[in-house]
Amino acid sequence: MTSAETAEAAEAAESAGTVAAPGPRALAWQRRRASAARFWREYRRHRAGVVGLAALVLFALVALTAPLTVGSDVASVTDAPGQPLQSPSGHFPLGTDQFGRNLLGLVVWGSRVSLLVGLLAAVLSVAIGAVIGITAGHFRGWYATVLMRVTDWFLVMPTLVLAIALATVLSRSLGTVVLAIGVTTWPTTARLVRAQTLAVESRPYIERARALGGGHWHIMSRHVLPNVMPLILAQTTLIISSAILAEATLAFLGLGDPTVVSWGGLLQDAREAGAVSSGDWWYLVPPGIAIAVVALAFTLCGRAVESVLNPRLGVSR
Amino acid sequence: MNTQDQHGRGRRGRTGRRPGRTRLLAAAGAGALLLASGLAAPAASAAQQSGAAGDGHGDKVLTVAVAQSVDSLSPFLAVRLLSTSVSRLMYEYLTNYDPKDAHAVPGLATKWESSPDKLTWTYTIRSNSKWSDGQQATAEDAAWTFNKMMTDPGAATANGSFVTNFAKVTAPSPTQLVIRLKKPQATMTALDVPIVPKHIWEKVQDFSKFNNDKSFPIVGNGPFVLTDYKPDSYVKLKANKDFWRGAPKFDELVFRYYKDQDAAVAALRKGEVSFVAGSPSLTPAQAASLKGEKDIHVNEGPGRRFYALATNPGAQAKDGTKFGDGDPSLLDERVRHALFMAVDRKTIVDKVFQGHAVEGQGYIPPRFSSYYWQPSAGQELAYDPAKAGQLLDQAGYKKNADGKRVGKDGKPLDYRVLCHATDPNDKAVGKYLQEWWGELGIGVTLDCLDNVTDPWLAGKYDLAFDGWSVNPDPDFVLSIHTCAARPQTPKDTGATDNFICDKTYDQLYAQQLAEYDPAKRADLVKRMESRLYDLGYMNVMAYPNAVEAYRTDQIESITTMPSAAGNIYGQDGYWSWWSAVPADSDGSSGGGTSTGVVIGIVAGVVVLGGLAVLFAVRRRATAEDRE
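Chains as they are written, first to last, in numbering that gives the first Met the number 0: chain A, 0 to 316; chain B, 0 to 626.
Chain A extracted, bound-state conformation (with noise of 0.2 Å):
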């Protein structure tokens, strides 16, 4: 049966008002209520996994709220309220930076494209695997060797010199550094995607399914997507905190848009100030922390989802 006539079939079974037992579409939604409850309750059980979202939904909020609590006037140098390289005061919690504008805000305020570039930076990095992962696993034979070999050499190419080099070459804005991270990093998740494909195209149900006419697409996107899915969230989220590290790597080393505040933008200014040498700690400590505490984060949520997921993997907890 297909969806759309299941949809036909519940909403007849409504509309007669003879509603003695759930319908499908009601029924699947009970079931799926059911597993991501089940979800849950397995999730908390990884004590790690629980306090990396806390951190999460902690920073999510910080960088959403960023607008009402410090504002875009916060980046503004002719404006800047402190002496350049204050020391952490009262008045500034962080200190102030080189043009004396306040690091607590900075770094607030930095959240934002940090936790965006990292986030949109991870999703085409894996859109991009899941999609070759999955079409070399269902069309095998001549396609799937040339992918794959294309694969490989993406694999084999060092991650941070490909994406320095199509930093260098593109011109400097957030979406060049987005384009450079998420090309560099998809070929681990088009592996594993592609093995997991192999596993599910050669259950007996697809069999089935393609005996009963099911076309390529049909197979692709209703039967192996929804098994492959849990695999790609988990590595969505795994890949976020190396995209995020990436990303302020790539800042760090200049090749960010100057005008934009970032973590990794904040370090690169510290290091071009000479905060380093003259021990301005302030400048350089809390966007470190900050990176290392979101990248730690969605590293612990990854493995408790990845753990939860597949329980044989036999991640501690």
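Any given hint could turn out to be false.
Said to hold, decoys possible - Computed list of chain B residues with no C-beta within reach of chain A, every gap over 12 Å: (1) 58; (2) 76; (3) 177; (4) 203; (5) 204; (6) 207; (7) 393; (8) 394; (9) 402; (10) 435; (11) 446; (12) 483; (13) 494; (14) 521.
Unchecked claim - Some but not every residue of chain A turned toward chain B, in silico, with C-beta under 7 Å: (15) 76; (16) 77; (17) 257; (18) 258; (19) 259; (20) 272; (21) 275; (22) 277.
Said to hold, decoys possible - Part of the chain A face toward chain B, derived, beta carbon under 10 Å: (23) 83; (24) 87; (25) 200; (26) 274; (27) 276.
By construction, these hints were calculated from the structure, which means they are not laboratory data. Fair warning: this is a prediction, and the values are worked out from it, not measured in the lab. Think of the CB as a built atom: it goes at the ideal place given N, C-alpha and C, for glycine as much as any other residue.
Start from chain A and add chain B according to the hints.
Relative to chain A, chain B alone:
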């Protein structure tokens, strides 16, 4: 051209571009830890040599941390500041500049005079200067050097502009050099051309490829003899004990290349180097933290450089072909003046340079007092955003509903500003420009590139951060704004800075070049600066100070230039390194070094111990899974 270095145009090496996440982590966490404990990186490498403390033979070594690598050791090819400084130390020039007020003083030539028709210059060459292989340095060497540059384009790469006006150079006797000119030339006592030994250099086949770095020591007659060189690492020179002006006090001079300025400052703190030059100077934060340090002296002097914003005047080649894509609105002088007036130069000096600079006005820095020019009250384009807005209104660029300035064709004013990705000042000033010009309704995009040369030469920019070091004789920095300096065709490379071509300016330039009277020449130069200011193509924002530091327990005294409050690295002459006096005390940083090592070892043990515990715990935790 010689000691001039265009700000960033292929001048400085890329800083801190080592890929790797370790760097980031170091900065994020470990770096902070190290810093907080005041034990920066060198703790681990403290066992390395220490600057002037000597290397066991009792030799006094002066180690200089430089932020630039050598482009070539051949004086015919070298253009970077470090390389030309090294040339100064290796070879004598005809004349030198006095460290007090930069007037011409004897170098290889003891005296000089021009004929009444101003076209023949006769130099008397000193007879007490010997090459380091024992041969006498004569007028024949000088004549050969100039003739080589006049006849071989490969030898004219770096200093060719000095000899384009030469008709004939001869050496009638070993102590007499005669130069015949085509036209009068006022720069004849400021010929920054190293004189090389003929008997060595006549064996060179291809001057455009020979880098003079194959056989050491390199034969020269300057205060130092180059004995060793490793690309991107160091240049070693030994004192020339027979130098005619007297032997240098230090026995050895080493220029050590540091990619990262923070590393250089840390090396100074530990006594591994005696002097840090900075690129182009120490940052305000570094200077402030070094000022409180024991045995370290922070030297601040008026800089030789100007720091400007250059406007693309519509790039054009000498053959008349227009090229590039500079914004046409910049051809309107009112627009240029409005941009000028919307830049608060005082804030740039106060905030970006934090007082380590002088507010920019004329083209030539105040250090060169005889050529320093300031705009009169009526002429000055002072910071006045309201007036800038009026000027833009008059020019036809009115604000639209969104607050953006749009031209008559409806196109908004958006400028691309070319900036050097390696220069933090460019980015910092760029942020201010974005806000000041944004208020005015003009959009600004910062194009920060590692290599600005390509778009620059192609004229593909609207405005650009620009800067040149100025010599005691201003001829060169003035020449780069003449029509003749433009490239022949769009494909060629000209000596021009940013394609400025103005008839009035060119006339004044020709006049000053032919004027031998210093006062009259200075007056002409000032009129040129005034003209350049009025045109509004070059907005000189600041004259950055030279901020450098050295260890007083290794260097007792050193000559600055000008001698009252001047700079040390990159002087016009060899005064600083030649005059530096070593301090008596030895190994004063020993105590700090050993504590550093002890703490480093303890920290290492703690980290290793932690890792071992972690590993053991993990092994136990997974013991059941393993077979």
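(message) Run through the hints listed earlier and report the numbers of any the structure violates, in increasing order.
(response) 10, 11, 19, 24 and 25
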